[in-house]
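Asker: So the chains spell out like this:
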Amino acid sequence: MIKASKLAYEYIRRDEEGNVEGIVRALDGVDLDIKSGDFVAILGHNGSGKSTIAKEINAILEPTEGVLFVNNYDTSKEENIWDIRQSAGMVFQNPDNQLVASVVEEDVAFGPENLGVPTDEIILRVAEALEKVGMTAYRNSSPNHLSGGQKQRIAIAGILAMKPKCIVLDEPTAMLDPNGRKEVISTIHELNKKEGITILLITHYMDEVVGCDKVIVMDNGKVVMQGTPREIFSRPDEIKKHKLDLPQVTELADELAKEGVDMPKGILSIDEFVEAFTSRYAGK
Amino acid sequence: MLYLDKVNYIYQKGTAMEMPALHDVSIEIRDGEFIGVIGHTGSGKSTLIQHLNGLVKPTSGNIYYNGRDIWDEDFSRKELRTKVGLVFQYPEYQLFETTVEKDVEFGPTNMKLPKLEVQMRAFEALKTVGIGEDLYDVSPFDLSGGQKRRVAIAGILAMRPEVIVLDEPTAGLDPCGRDEILEAIARIRKERNITVVLVSHSMEDVARYVDRLIVMDHGMVKFDGPTKEVFQNYEELEKIGLAAPQVTYLTAALMKKGVPLPGIATTVEEAKEMLKAVTGAR
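If you read the protein sequences in the order shown, they are chains A and B.
All residue numbers for the first sequence refer to our numbering, where the first residue is 1 and numbers rise by one.
All residue numbers for the second sequence refer to our numbering, where the first residue is 285 and numbers rise by one.
Just so you know, the hints here were simulated from the structure itself, not pulled from any lab data.
All C-beta atoms, glycine included, are put in the ideal place defined by N, C-alpha and C.
Each hint should be verified, as a subset may be incorrect.
Claimed, not checked - The calculated SDA-like cross-link candidates involving lysine to any residue, where the alpha carbons are at most 25 angstroms apart (straight line), are: (1) B:Lys541 to A:Gly260; (2) A:Lys182 to A:Glu272; (3) A:Lys222 to B:Asp426; (4) A:Lys258 to B:Leu545; (5) B:Lys506 to A:His145; (6) B:Lys541 to A:Glu275; (7) A:Lys240 to B:Met558; (8) B:Lys386 to B:Phe372; (9) B:Lys541 to A:Ser279.
Said to hold, decoys possible - Below, a sample of chain A positions facing chain B; criterion: calculated Cβ distance under 8 angstroms: (10) His45; (11) Phe92; (12) Gln93; (13) Gly148; (14) Ala174; (15) Lys243; (16) Leu244; (17) Asp245; (18) Pro247; (19) Leu252; (20) Glu259; (21) Ile270; (22) Phe273; (23) Val274; (24) Phe277.
This is chain A alone, in the form it adopts within the complex (with noise of 0.2 angstroms):
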């Protein structure tokens, strides 16, 4: 689905004047081989280029060496742009900043409609797309009424209704409160396992990676660590090391590690700790 061969990104950072202060390299030799219906995390601090690759997968900005390739399509070259864009839509952090229209229905219309879809296809795609993010109820309201995670459902539903092959998520959950992290996640996790949608999910909440196949580490514009979540969380220090954070049933198992009580690597859920920690401690 996505496939990236030693991509690099550069940009000339500019002072006032206009003068040359430094070249950036956002992205330094990245490969990347995402897999049709894989739901893969990216995490880094601010600044490590994962966004970079968010906008590169999206066209929105050109490799500055090697090449990388969405849903077949070269992203170097111009003619692919909408191809590209609608095979891999994009949902951003700011809910409002990506609603557009008064009503709900018009907004997840907007997409297809730009596509040249016929009216009567829109119709159902717009119904269909709201149906897969449980926002039905929700049609003929204004999306100014509606809580952040609600909001950022429109927004998928409105990627959906341009039937992509895959969605990238760029921090949707910073904005939002609790609930609407959870309602984000469980309805990207939904269309990955129900619709078969190849999800990348950019994020720094490490309790949202738990559930992902893939989680790839980025740092200073490189994959540094990469791996399914228990790999990557049986190295703790290593992840610390790139300034991110553990969830806390795993920060925990490996504090007590470190303290001499036997508990196993890679913790991910309460149930895992739960049962490591019973049946090692029972009647003690």
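For chain A, the structure is supplied; the task is to place chain B on it using the hints.
Answerer: Just chain B, lined up with the frame of chain A:
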């Protein structure tokens, strides 16, 4: 020092859009407290904090600052706003000056303080939030997200408020930026002994930092008490769209399985000590 007595607030009263936002809210904020306010979007927490420095006038009820009703005719709300400093969400969007130093000086300059005093206060405030002198002449727009936010907080601190209210100061920051901000706030509180009110969506953060937690739901105060006691109600919290830290659920689950813990934990450190004690590890 700040006392809200049966405060009610109704949005757009008298129109078709009329909507109650606060209902009979009574809260006493005492000197030097570190208070967290949580609640889902629309629970009334932002409306609540806008009442604290007189930005919004209650539909009914009274607010007292050091014993005086802030809506009395002869009460200076302009002065109140220098005593109760409000840091809005995404405060970095409100930076506008050409240099970091000038931006921080804006507040005290408006208070008509002498120039030297203004400079001293800016220096002191920037030091407290951990912004070094090398950044004074830099444009605030060239800073990182965490730095911008600390500069915005310094702008409020430079007015030397007695209370500082922060509306989700860590929203949108990565773990590193978040720690920078929270550490700065904890340091401010310690050094200046000022009262801090922290509105947050992160249960982990409030559990780690605040002593007292106020939970808002539907414009009402649902819980108000020591942080740990409030998190005892984690099942209730979930019903109103909130949560407790993950270790709280973990310790509750362990207890259900018969692990003899003294109670729920709210931070990783606390859980670690409890579990270590159970295993007998030293």
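Asker: Determine which of the earlier numbered hints do not hold for this structure and return their numbers in increasing order.
Answerer: 11
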